[in-house]
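Residue numbers (our numbering), protein chains in the order written: chain V, 90 to 205; chain W, 77 to 186.
Read the hints as simulated data drawn from the structure, not as lab findings.
Small disclaimer: the values here were computed from a predicted structure and weren't measured.
Wrong hints could be hidden among the right ones.
Stated by the list, open to error - Using 16 Å as the maximum straight-line C-alpha spacing, the simulated EDC-like pairs for lysine to aspartate or glutamate come out as follows: (1) W:K93 <-> W:D158; (2) W:K144 <-> W:E91; (3) W:K93 <-> W:D106; (4) W:K183 <-> W:E77; (5) W:K173 <-> V:E148; (6) W:K117 <-> V:D127; (7) W:K173 <-> V:E119; (8) W:K183 <-> W:D106; (9) W:K173 <-> V:D115; (10) W:K173 <-> W:E91; (11) W:K173 <-> V:E161; (12) W:K183 <-> W:D158; (13) W:K132 <-> V:D145; (14) W:K79 <-> V:D115; (15) W:K117 <-> W:E77; (16) W:K173 <-> W:D114.
So the chains spell out like this:
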Amino acid sequence: NAGVTQTPKFQVLKTGQSMTLQCAQDMNHEYMSWYRQDPGMGLRLIHYSVGAGITDQGEVPNGYNVSRSTTEDFPLRLLSAAPSQTSVYFCATHPWGGEVASTEAFFGQGTRLTVV
Amino acid sequence: ELKVEQNPLFLSMQEGKNYTIYCNYSTTSDRLYWYRQDPGKSLESLFVLLSNGAVKQEGRLMASLDTKARLSTLHITAAVHDLSATYFCAVTPGTYKYIFGTGTRLKVLA
């Protein structure tokens, strides 16, 4: 049981390049989300999805796009990378009981992104 | 603006000592979660507190929730080096959003 798988683990981009961070889960959870973690800032929610075809913005959505075509996959796209997007990115899933999470979230191993 | 604040942000303590980490949040949330993160690793769940007055214990860690005060505590008893990590609390304000605190970096000295 793989749980939540993120790829790549590390990435270096040049300013202006685009890339997609991949997140796949085999837990059949409806809810998936992307966070970025920066020193002293905790984890900040970028985008989330409550099911295939449904996405919404979190706290820091600017510069990122998402889509959810299947339950399993929730890719995060950087269209034009900027140094301010240097961060560690985590994908998370959890079952969602109505509007409130009924259990803990399950996290991927993270993607460490550097934009130069 | 929703805020989830933890204090202290950094904590250095001797093995065998007790200490408490505090998590304050600024909006209504019936539930609160505690996570642990080791350096360079992902987050793993410690506790899920689902109602006012909930208390959970696992080993040397005990978490409690007071929804009226919008406060959760994570108490460490007789700390050991293996507890060195960063601890995060998180709340769900009921709008499909899962908001994390700033984290408390704990270092237990032998």
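Hint by hint, here is what the structure shows:
no. : hint              : in the structure
1   : W:K93 <-> W:D158  : holds, 14 Å
2   : W:K144 <-> W:E91  : violated, 33 Å
3   : W:K93 <-> W:D106  : violated, 31 Å
4   : W:K183 <-> W:E77  : violated, 31 Å
5   : W:K173 <-> V:E148 : holds, 9 Å
6   : W:K117 <-> V:D127 : holds, 14 Å
7   : W:K173 <-> V:E119 : holds, 14 Å
8   : W:K183 <-> W:D106 : violated, 30 Å
9   : W:K173 <-> V:D115 : violated, 22 Å
10  : W:K173 <-> W:E91  : violated, 37 Å
11  : W:K173 <-> V:E161 : violated, 20 Å
12  : W:K183 <-> W:D158 : holds, 9 Å
13  : W:K132 <-> V:D145 : violated, 33 Å
14  : W:K79 <-> V:D115  : violated, 32 Å
15  : W:K117 <-> W:E77  : violated, 29 Å
16  : W:K173 <-> W:D114 : violated, 24 Å
Hints 2, 3, 4, 8, 9, 10, 11, 13, 14, 15 and 16 from the list above are not met by this structure, while the remaining hints are.
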